[in-house]
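Working from the sequences, and respecting the hints, build out all of it.
There are 2 protein chains.
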Amino acid sequence: MSRIIIQSKLKKFCTSIFKKLGMDYEKAKDTSEVLVEADMMGHSTHGVRLLPLYIKDIEAGNMNITGNQTIINDTGSCITIDGEKLPGIWLTKRGLKLSSERAKIHGVSTVLIKNSHHNGALVAYLLPIVEQGLVPMIKCSVPSSATVAPFGGTKALLTPDPMALAFPTNYEPVLIDISASITTNNMIADKIVKKEMFDFNCLLTRDGIPTNDPKEVFENDGTVMPLGGLEYGHKGFGLALGIEALSQGLSGSGRSRKLKSMNLSIYIQVIDPEAFAGLKAFKNEMSFLYNECVNNPPINKNSKVRMPGQKALLNRKEAIQNGIKFSKQTLMTLDDISRKFDLVFL
Amino acid sequence: MSRIIIQSKLKKFCTSIFKKLGMDYEKAKDTSEVLVEADMMGHSTHGVRLLPLYIKDIEAGNMNITGNQTIINDTGSCITIDGEKLPGIWLTKRGLKLSSERAKIHGVSTVLIKNSHHNGALVAYLLPIVEQGLVPMIKCSVPSSATVAPFGGTKALLTPDPMALAFPTNYEPVLIDISASITTNNMIADKIVKKEMFDFNCLLTRDGIPTNDPKEVFENDGTVMPLGGLEYGHKGFGLALGIEALSQGLSGSGRSRKLKSMNLSIYIQVIDPEAFAGLKAFKNEMSFLYNECVNNPPINKNSKVRMPGQKALLNRKEAIQNGIKFSKQTLMTLDDISRKFDLVFL
Numbered sequence: 001m002s003r004i005i006i007q008s009k010l011k012k013f014c015t016s017i018f019k020k021l022g023m024d025y026e027k028a029k030d031t032s033e034v035l036v037e038a039d040m041m042g043h044s045t046h047g048v049r050l051l052p053l054y055i056k057d058i059e060a061g062n063m064n065i066t067g068n069q070t071i072i073n074d075t076g077s078c079i080t081i082d083g084e085k086l087p088g089i090w091l092t093k094r095g096l097k098l099s100s101e102r103a104k105i106h107g108v109s110t111v112l113i114k115n116s117h118h119n120g121a122l123v124a125y126l127l128p129i130v131e132q133g134l135v136p137m138i139k140c141s142v143p144s145s146a147t148v149a150p151f152g153g154t155k156a157l158l159t160p161d162p163m164a165l166a167f168p169t170n171y172e173p174v175l176i177d178i179s180a181s182i183t184t185n186n187m188i189a190d191k192i193v194k195k196e197m198f199d200f201n202c203l204l205t206r207d208g209i210p211t212n213d214p215k216e217v218f219e220n221d222g223t224v225m226p227l228g229g230l231e232y233g234h235k236g237f238g239l240a241l242g243i244e245a246l247s248q249g250l251s252g253s254g255r256s257r258k259l260k261s262m263n264l265s266i267y268i269q270v271i272d273p274e275a276f277a278g279l280k281a282f283k284n285e286m287s288f289l290y291n292e293c294v295n296n297p298p299i300n301k302n303s304k305v306r307m308p309g310q311k312a313l314l315n316r317k318e319a320i321q322n323g324i325k326f327s328k329q330t331l332m333t334l335d336d337i338s339r340k341f342d343l344v345f346l
Numbered sequence: 001m002s003r004i005i006i007q008s009k010l011k012k013f014c015t016s017i018f019k020k021l022g023m024d025y026e027k028a029k030d031t032s033e034v035l036v037e038a039d040m041m042g043h044s045t046h047g048v049r050l051l052p053l054y055i056k057d058i059e060a061g062n063m064n065i066t067g068n069q070t071i072i073n074d075t076g077s078c079i080t081i082d083g084e085k086l087p088g089i090w091l092t093k094r095g096l097k098l099s100s101e102r103a104k105i106h107g108v109s110t111v112l113i114k115n116s117h118h119n120g121a122l123v124a125y126l127l128p129i130v131e132q133g134l135v136p137m138i139k140c141s142v143p144s145s146a147t148v149a150p151f152g153g154t155k156a157l158l159t160p161d162p163m164a165l166a167f168p169t170n171y172e173p174v175l176i177d178i179s180a181s182i183t184t185n186n187m188i189a190d191k192i193v194k195k196e197m198f199d200f201n202c203l204l205t206r207d208g209i210p211t212n213d214p215k216e217v218f219e220n221d222g223t224v225m226p227l228g229g230l231e232y233g234h235k236g237f238g239l240a241l242g243i244e245a246l247s248q249g250l251s252g253s254g255r256s257r258k259l260k261s262m263n264l265s266i267y268i269q270v271i272d273p274e275a276f277a278g279l280k281a282f283k284n285e286m287s288f289l290y291n292e293c294v295n296n297p298p299i300n301k302n303s304k305v306r307m308p309g310q311k312a313l314l315n316r317k318e319a320i321q322n323g324i325k326f327s328k329q330t331l332m333t334l335d336d337i338s339r340k341f342d343l344v345f346l
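As given, the protein sequences belong to chains A and B, one line each in that order.
The first sequence begins at 1 in this note's numbering and counts up one residue at a time.
The second sequence begins at 1 in this note's numbering and counts up one residue at a time.
Treat the hints as calculated values from the structure; they're not laboratory data.
A hint or two may mislead.
Pairs count within a copy or across copies, as identical chains cannot be separated in the list.
With a cut-off of at most 20 angstroms between alpha-carbon atoms, the simulated PhoX-like pairs for lysine-lysine come out as follows [what the hints assert, rightly or not]:
{"hint": "1", "residue 1": "Lys317", "residue 2": "Lys9"}
{"hint": "2", "residue 1": "Lys19", "residue 2": "Lys56"}
{"hint": "3", "residue 1": "Lys97", "residue 2": "Lys195"}
{"hint": "4", "residue 1": "Lys97", "residue 2": "Lys19"}
{"hint": "5", "residue 1": "Lys195", "residue 2": "Lys155"}
{"hint": "6", "residue 1": "Lys280", "residue 2": "Lys20"}
{"hint": "7", "residue 1": "Lys258", "residue 2": "Lys280"}
{"hint": "8", "residue 1": "Lys9", "residue 2": "Lys260"}
{"hint": "9", "residue 1": "Lys283", "residue 2": "Lys258"}
{"hint": "10", "residue 1": "Lys301", "residue 2": "Lys155"}
{"hint": "11", "residue 1": "Lys191", "residue 2": "Lys11"}
{"hint": "12", "residue 1": "Lys215", "residue 2": "Lys56"}
{"hint": "13", "residue 1": "Lys104", "residue 2": "Lys317"}
{"hint": "14", "residue 1": "Lys104", "residue 2": "Lys301"}
{"hint": "15", "residue 1": "Lys11", "residue 2": "Lys328"}
{"hint": "16", "residue 1": "Lys155", "residue 2": "Lys304"}
{"hint": "17", "residue 1": "Lys304", "residue 2": "Lys194"}
{"hint": "18", "residue 1": "Lys191", "residue 2": "Lys215"}
{"hint": "19", "residue 1": "Lys11", "residue 2": "Lys29"}
{"hint": "20", "residue 1": "Lys191", "residue 2": "Lys340"}
Printed below as a string of structure tokens:
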């Protein structure tokens, strides 16, 4: 029931839809590229499956599709931007590019973006930065949304709060993309569509009882457990607070604003190892560590230790050669959009 | 069997011991202060309980006690330091002070320290920095030690890899200090001394079987599980790799050096919110979040949601008023040291 789609055709299809909706060309191209990149890496929960959400928000006026961001503060290495509800992927890509340029001058550069629309999968941005020998970091939170309760609480307050970090080695780069909660909102949505339960209790009912039923969160005021669950969830709660402080505190855009439509605060930092002990020493140490990890005697003899991003890079290589394989649900979504916009995607 | 000790007397006692061993005065004073500060905050695993370890390493020549650190690279906002195996607490305190001064000029300042001796509890450093309206971060790893296996592996390779972050609010500051593993080496040592088991399986035997017996790690080649355990330990593994990359990669001092005696790589970053949307906006947003957290309806009606650091700050206040209460084990340790150095501590 699945079908293979060539990535270049899919990017063109997505770009055409965004253009048809009136989006500026660069914004349409960037948004399409990063959504398809997520699918290529196998992160299908954050790929073109999100198109209907983006289309809906454009039509409702919750995502601005033309015009420019506003620079609020620029000290050279520290930049604060108002994203003006423009496409989050375009904003994040630009933020990373700016931060990388400035990191090469200042060693470390930090970019804060407030009022951004959704920005997809963080892992999908890292490769072009890390290939320049830089260390990119992204930490996001969504002050307009809440699905995670503070540790010990029952009412949704925080977001899954993802964070990504990538670093170069003499082999493949390591691409880390994790959240401060056990699972994410898009994973929950995906499970509901597929009528699946989670493998273990990573959610709480609104009364604080552990559950693996994704519907409890979206339909019954349940919450997602922070990393560490009931046993040591104070750690995930701490991680989340750190991410909310860096993204919402530094940008000055947080939950006190009681925002209604999709609105992200994004913290970006890029580090140039040359400003410290040098890229060569960095890569040598991290290559040693990489080797020691993948050659570590495994618990299960048939599954070697895998580095973060290793599977995503393998999926990406396969997608470039053979196209992307989509689930029946996503194909139906693409068909619906294709009909609605009178645009053929294959 | 416990006894109350006045913190000022304990600091004097520790300083005298370090001085008797030949340590420079400032190093002795700083080391004593941070060890006692950990005890005051209730982090007794990283308090004066560590004295015998420090004394042993001084006597063995593994910790240098006089002389200076070497600046390898100083770009203004990015500083790389060789700690020359000097006391890690003194190095970390100085690094944070330098980073804070530079953050006020550059907005963000990053300090890397390699070849540091042990630096105690990260939470014990944060208060003087956050009280200046700054956001301090510390991430450490110990290339000379290994107790955590990569996710899916069985051989110790990584360290618990702690990270700390603090931020100011209009109320009390939030002090986060967590590790990328479920538990820490000092917690394991403490459980062994107290002949206790962990409440749940947070360790693996050398064959990769979950266990709660602390002795499996120190006596039987077992390992500590990364944050997330068997179910989602890839998240803790990712966190650990990020911390090792920032501390060991950027300082150029990692596991390839096959160091034998206690040797830390430390990443310090201090952020000045004034370089972004401003301290006032930062504190307002974080105060709103603070309030929403502590007033969240709790799972258990008798235990309100607690912010990271809240208990530590309460313990600290109590210790200042009434002294520190020590366990029988720590009191015996202090008595032994008191006799050995012919110094009375009460």
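Do the hints match the structure? See the list:
Proximity of Lys317 and Lys9 under a CA criterion of 20 angstroms is satisfied intra-copy only: 17 angstroms inside one chain copy versus 64 angstroms between copies. Only within a single protomer do Lys19 and Lys56 lie at most 20 angstroms apart by alpha-carbon distance; the minimum there is 15 angstroms, versus 69 angstroms between protomers. In this assembly of identical chains, the alpha carbons of Lys97 and Lys195 never lie at most 20 angstroms apart, being 40 angstroms within a copy and 54 angstroms across copies at closest. Neither within a single protomer nor between protomers do Lys97 and Lys19 lie at most 20 angstroms apart by alpha-carbon distance, with minima of 23 angstroms and 52 angstroms respectively.
For the identical chains of this complex, Lys195 and Lys155 are neighbours neither inside a copy (25 angstroms) nor across copies (38 angstroms), given an alpha-carbon limit of 20 angstroms. In this assembly of identical chains, Lys280 and Lys20 lie within 20 angstroms of each other by CA distance neither inside one copy nor across copies; the values are 47 angstroms within and 42 angstroms between. For a Cα distance limit of 20 angstroms, the shortest separation of Lys258 from Lys280 across copies, 18 angstroms, qualifies, whereas the shortest one inside one copy, 47 angstroms, does not. For a Cα distance limit of 20 angstroms, the shortest separation of Lys9 from Lys260 qualifies neither inside one copy, at 35 angstroms, nor across copies, at 55 angstroms.
In this assembly of identical chains, Lys283 and Lys258 lie within 20 angstroms of each other by CA distance solely across copies; the values are 17 angstroms between and 44 angstroms within a copy. In this assembly of identical chains, Lys301 and Lys155 lie within 20 angstroms of each other by CA distance solely across copies; the values are 13 angstroms between and 42 angstroms within a copy. Neither within a single protomer nor between protomers do Lys191 and Lys11 lie at most 20 angstroms apart by alpha-carbon distance, with minima of 26 angstroms and 56 angstroms respectively. For the homomeric pair Lys215 and Lys56, neither the shortest alpha-carbon distance inside one copy (22 angstroms) nor that between copies (57 angstroms) is at most 20 angstroms.
Taking the shortest alpha-carbon separations for Lys104 and Lys317, neither the intra-copy value of 29 angstroms nor the inter-copy value of 45 angstroms comes in at or below 20 angstroms. In this assembly of identical chains, the alpha carbons of Lys104 and Lys301 never lie at most 20 angstroms apart, being 43 angstroms within a copy and 52 angstroms across copies at closest. Taking identical chains as interchangeable, the C-alpha atoms of Lys11 and Lys328 lie at most 20 angstroms apart only when both belong to the same chain, with a minimum of 19 angstroms there against 67 angstroms between chains. Within a single copy, Lys155 and Lys304 get their C-alpha atoms only as close as 39 angstroms, which misses the 20 angstroms cut-off; across copies the closest is 13 angstroms, which meets it.
For the homomeric pair Lys304 and Lys194, neither the shortest alpha-carbon distance inside one copy (29 angstroms) nor that between copies (37 angstroms) is at most 20 angstroms. In the homo-oligomer, the alpha carbons of Lys191 and Lys215 lie at most 20 angstroms apart inside one protomer (9 angstroms), although the nearest pairing across protomers, at 40 angstroms, exceeds that limit. In this assembly of identical chains, the alpha carbons of Lys11 and Lys29 lie at most 20 angstroms apart only when taken from the same copy (8 angstroms versus 62 angstroms across copies). With identical chains, the CA atoms of Lys191 and Lys340 are never at most 20 angstroms apart, being 26 angstroms at best within one copy and 64 angstroms at best between copies.
Hints 3, 4, 5, 6, 8, 11, 12, 13, 14, 17, 20, counting from the list given before, are not met by this structure.
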